[in-house]
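S.K.: Starting from the known structure of chain B, fit chain X onto it as the hints suggest.
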Amino acid sequence: MKKIIISDPTLRDGSHAINHQLTKEQVSKYCSAIDKSGVSIVEVGHGNGIGASSIQVGLSKEFDIALLESARENLKEAKLCVHCIPGFATIKKDIKPALDAGVDIVRCACHCTEADITRNHISYVREQGYQAYGVLMMAHMAPIDVLVGEAIKMESYGAEAIIIMDSAGAFLPDKVQQLFTSLCDNLNVHVGYHGHNNLGMGVGNAIIAANSGATILDGSARCFGAGAGNTQLEILVPVLEKLGYTTGIDLYKLLDAVDFISEEFKSSIPTVNSLNIVSGLSGVFSGFTKHVLRISKEYNVDPRDVFFRLGKRGVVAGQEDLIIEEAHNLSQEKIGKAT
Amino acid sequence: MNSKQIDMIREDCSLVFSNPEKFELLKNESILITGGTGFMGSWLCESISYLNDVHNYRTKITVVARDTDKFYEEKPHLAKRDDISLINKDVLDIIEIPNNISFVIHAAGTPDNRVHLSYPLEVINTIAKGTMRVLDACTRLPNLKKVINISSGLVYGAQPSEIERISEDFISGPDSAKSTSAYAEAKRMGETISSVYMGQFRIPLINLRPFAFIGPYQLIDKPWAINNFINDAINGGPIKILGNEKTIRSYMYPSDMAYWILTVLCHGSSGLILNIGSSESYSLWEVANIINNSISNETLTITSTLNRKTNNSIFVPDVEKAKNEFGLVLTVSLKKAINRTCRWLTIR
Chain B
384 MKKIIISDPT LRDGSHAINH QLTKEQVSKY CSAIDKSGVS IVEVGHGNGI
434 GASSIQVGLS KEFDIALLES ARENLKEAKL CVHCIPGFAT IKKDIKPALD
484 AGVDIVRCAC HCTEADITRN HISYVREQGY QAYGVLMMAH MAPIDVLVGE
534 AIKMESYGAE AIIIMDSAGA FLPDKVQQLF TSLCDNLNVH VGYHGHNNLG
584 MGVGNAIIAA NSGATILDGS ARCFGAGAGN TQLEILVPVL EKLGYTTGID
634 LYKLLDAVDF ISEEFKSSIP TVNSLNIVSG LSGVFSGFTK HVLRISKEYN
684 VDPRDVFFRL GKRGVVAGQE DLIIEEAHNL SQEKIGKAT
Chain X
7 MNSKQIDMIR EDCSLVFSNP EKFELLKNES ILITGGTGFM GSWLCESISY
57 LNDVHNYRTK ITVVARDTDK FYEEKPHLAK RDDISLINKD VLDIIEIPNN
107 ISFVIHAAGT PDNRVHLSYP LEVINTIAKG TMRVLDACTR LPNLKKVINI
157 SSGLVYGAQP SEIERISEDF ISGPDSAKST SAYAEAKRMG ETISSVYMGQ
207 FRIPLINLRP FAFIGPYQLI DKPWAINNFI NDAINGGPIK ILGNEKTIRS
257 YMYPSDMAYW ILTVLCHGSS GLILNIGSSE SYSLWEVANI INNSISNETL
307 TITSTLNRKT NNSIFVPDVE KAKNEFGLVL TVSLKKAINR TCRWLTIR
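Which chain is which? The protein sequence lines are B and X, in order.
Those letters in the first sequence? Residues 384 to 722, by my numbering.
Those letters in the second sequence? Residues 7 to 354, by my numbering.
This is chain B alone, in the form it adopts within the complex (with noise of 0.2 Å):
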């Protein structure tokens, strides 16, 4: 039976939902629960990862030490994880402390097309004697040969494994079959699937990752993650299983801590609403929906002509200045028109 790793970005992917308001006490209750249920990796963090807190993307209610130092002490087998992205994060400042603070894998993230940006710091990871590996995000902006020769740096780099972010939720089953066969035909390492909900392909785009040969599938609790949740982890592990995979994993162990997820965080749990289904539909990343309803409000524009115009210009994470700029510019020529 092929074995598939589960890693479960639940605390950094659901820090969004919260704008990162994540709190040392949250995170010790989750990690307790979710280290019985045998799940691989857990990640922890600000929604865009170790270094992020900021004005323009938001900041966090904890420093991230606070949070890794609360995680690391409840997990007792499994391995903990930091989302980093370069430029956010830089060595010094944030992997240092974070593998000091017992950090065992550091995911060193980019977009797509950007995969040299992660050069230095998947190999300091590799250097020091830690699991690195190499994301690339908003992958379906890119076409398959540019995602397999991005893949191939970060491998170069030392990645121990690529996973590929669906961020916006835009892909479809073909193109996850297509892009893992090529992937596992040209890599000699682990590959792996990160994907969001706003077409509802979570849970099956996974699994076709995984029969086209990935070996790390993402899951979050209650699909806990930025816009509109990522793929339902409690729902891909029995389906898995079912599917022949093993996954080494307690069901109802980890339907007790999904379940805390759900009291907790009850009034933030994602859902596909509108608004998430035209994220997906035009390409733009799940964690820009609140941003751009609320912006959308302030302009009186709506927002799902913010999101299409916003996929038109290919905007990515760290560009959220754009959406003010396309709000704006909606209201102007709405005012062009009545007048």
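Fair warning: there could be bad hints in the mix.
[What the hints assert, rightly or not] In silico DSS-like links for lysine-lysine, alpha-carbon gap of 25 Å or less:
1) B:Lys-459 to X:Lys-246
2) X:Lys-246 to X:Lys-342
3) X:Lys-252 to B:Lys-386
4) B:Lys-558 to X:Lys-184
5) X:Lys-95 to X:Lys-135
6) B:Lys-412 to B:Lys-649
7) X:Lys-10 to X:Lys-86
8) B:Lys-385 to X:Lys-246
9) X:Lys-341 to X:Lys-10
10) B:Lys-412 to B:Lys-444
11) B:Lys-680 to B:Lys-720
12) B:Lys-444 to B:Lys-476
13) B:Lys-680 to B:Lys-717
14) X:Lys-184 to X:Lys-135
15) B:Lys-462 to X:Lys-246
16) X:Lys-86 to X:Lys-66
17) B:Lys-386 to X:Lys-246
18) X:Lys-76 to B:Lys-475
19) B:Lys-479 to X:Lys-246
20) B:Lys-412 to B:Lys-636
21) X:Lys-252 to B:Lys-385
22) X:Lys-33 to X:Lys-151
23) B:Lys-419 to B:Lys-462
24) B:Lys-407 to B:Lys-444
25) B:Lys-558 to B:Lys-695
26) B:Lys-385 to B:Lys-419
27) B:Lys-479 to B:Lys-407
[Said to hold, decoys possible] Not everything, but these chain B residues come out facing chain X in the computed CB check (under 10 Å):
28) Asp-499
29) Arg-502
30) Ser-506
31) Glu-510
32) Gln-514
33) Ile-535
34) Lys-536
35) Gly-541
36) Leu-570
Hint data in this document are derived by calculation from the structure and do not stem from the laboratory.
All values derive from a computational prediction rather than experimental measurement.
Idealized CB from N, CA, C, for every residue including glycine.
M.R.: Frame of chain B, contents of chain X only:
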């Protein structure tokens, strides 16, 4: 670098250069080495310094490199020697070579595949144009006796699985339509450029095709399997084999590498093409086991992490030509090479 590490390298040189009369052609000559501060260049400097110190060769070395300050910092025992002079210059900026130079070893160009993949155009530029720059300058040398162009075993392209060892007469090549072939294709172009300079300017030139090495001066952060294994082992393990454990490689110890290069520099004829490396092939699993035993840490474990099938590539040279034409053999086994490398990295 500490004095014990320097002593170890000196000991390696004394073992391999036990017949110094073989290199008499180099006595009182001046050798220019491009890329002379890297792994290969440093070993050539060590070897010639040894011949100077122990056998009174009085051979002068001129090292051309982009960062000679780093050379001073990391290898002051070489950089401060009277018989070694440094020129801080990119190979692309070479116009003139000192007139007294009689031998040139063109070794510029990093073999680090992280750089090849991140900066393919710069890699092509450095190798192709850099080779032309050096050879242009060579055409103006009044006493030029020989040039060695350090090419690469990668010019053969992917080694077919049915060929255990690849020989110099094997004609193939990398996939030219892929940007990942930038380094290998540039090295092929470097050989073609060399051939043109041989024909058009009568430059006496030899192309060497190095394969894989392991030994002192090789940084263990380099993205090659054996380096990672040693790094894992020194850090207490486990040794992680990424990808296919049946991948086949061979490794040469750098004192042998330097001995082979200097032998060919003295005795090789213009137009020669020669593989440099070890023909003793090992799977990555075997390499990891040798390293594990070398470190002698009972808690060390070896993990092969991938659970899907991948291609097991081969990269092993046929070195019969080196043996038959120059009597070149391997004097350091892989086990000994790994032992000495681990000791060199940890000795204080």
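S.K.: Hint by hint, note whether the structure agrees.
M.R.: Tested hints:
1. B:Lys-459 to X:Lys-246: holds (22 Å)
2. X:Lys-246 to X:Lys-342: holds (22 Å)
3. X:Lys-252 to B:Lys-386: holds (21 Å)
4. B:Lys-558 to X:Lys-184: holds (22 Å)
5. X:Lys-95 to X:Lys-135: holds (14 Å)
6. B:Lys-412 to B:Lys-649: holds (16 Å)
7. X:Lys-10 to X:Lys-86: holds (18 Å)
8. B:Lys-385 to X:Lys-246: holds (20 Å)
9. X:Lys-341 to X:Lys-10: holds (21 Å)
10. B:Lys-412 to B:Lys-444: holds (17 Å)
11. B:Lys-680 to B:Lys-720: holds (19 Å)
12. B:Lys-444 to B:Lys-476: holds (18 Å)
13. B:Lys-680 to B:Lys-717: holds (14 Å)
14. X:Lys-184 to X:Lys-135: holds (20 Å)
15. B:Lys-462 to X:Lys-246: Roughly 16 Å separates the two Cα atoms, so the pair holds.
16. X:Lys-86 to X:Lys-66: Roughly 13 Å separates the two Cα atoms, so the pair holds.
17. B:Lys-386 to X:Lys-246: Holds, at roughly 18 Å.
18. X:Lys-76 to B:Lys-475: With a Cα-Cα distance of about 22 Å, the restraint between X:Lys-76 and B:Lys-475 holds, given a limit of 25 Å.
19. B:Lys-479 to X:Lys-246: holds (22 Å)
20. B:Lys-412 to B:Lys-636: Distance ~13 Å between B:Lys-412 and B:Lys-636 Cα, so the pair holds.
21. X:Lys-252 to B:Lys-385: holds (20 Å)
22. X:Lys-33 to X:Lys-151: holds (13 Å)
23. B:Lys-419 to B:Lys-462: Roughly 12 Å separates the two Cα atoms, so the pair holds.
24. B:Lys-407 to B:Lys-444: holds (9 Å)
25. B:Lys-558 to B:Lys-695: Satisfied, since the Cα-Cα distance of roughly 20 Å is no more than 25 Å.
26. B:Lys-385 to B:Lys-419: Roughly 22 Å between the alpha carbons, so the hint for B:Lys-385 and B:Lys-419 holds.
27. B:Lys-479 to B:Lys-407: Between B:Lys-479 and B:Lys-407 the Cα gap is close to 20 Å, so the pair holds against 25 Å.
28. Asp-499: Since the shortest Cβ distance to chain X is 5 Å, the answer is holds.
29. Arg-502: Given a least distance of 6 Å, the restraint on B:Arg-502 holds.
30. Ser-506: Holds: closest Cβ of chain X sits about 6 Å from B:Ser-506, inside 10 Å.
31. Glu-510: holds (5 Å)
32. Gln-514: With Cβ-Cβ at 8 Å, under 10 Å, it holds.
33. Ile-535: Hint holds; B:Ile-535 Cβ to chain X Cβ min 6 Å, cut 10 Å.
34. Lys-536: holds (4 Å)
35. Gly-541: holds (6 Å)
36. Leu-570: Because about 8 Å separates B:Leu-570 from the closest Cβ in chain X, which is inside the 10 Å limit, the hint holds.
In the structure shown, no violation is registered for any of the earlier numbered hints.
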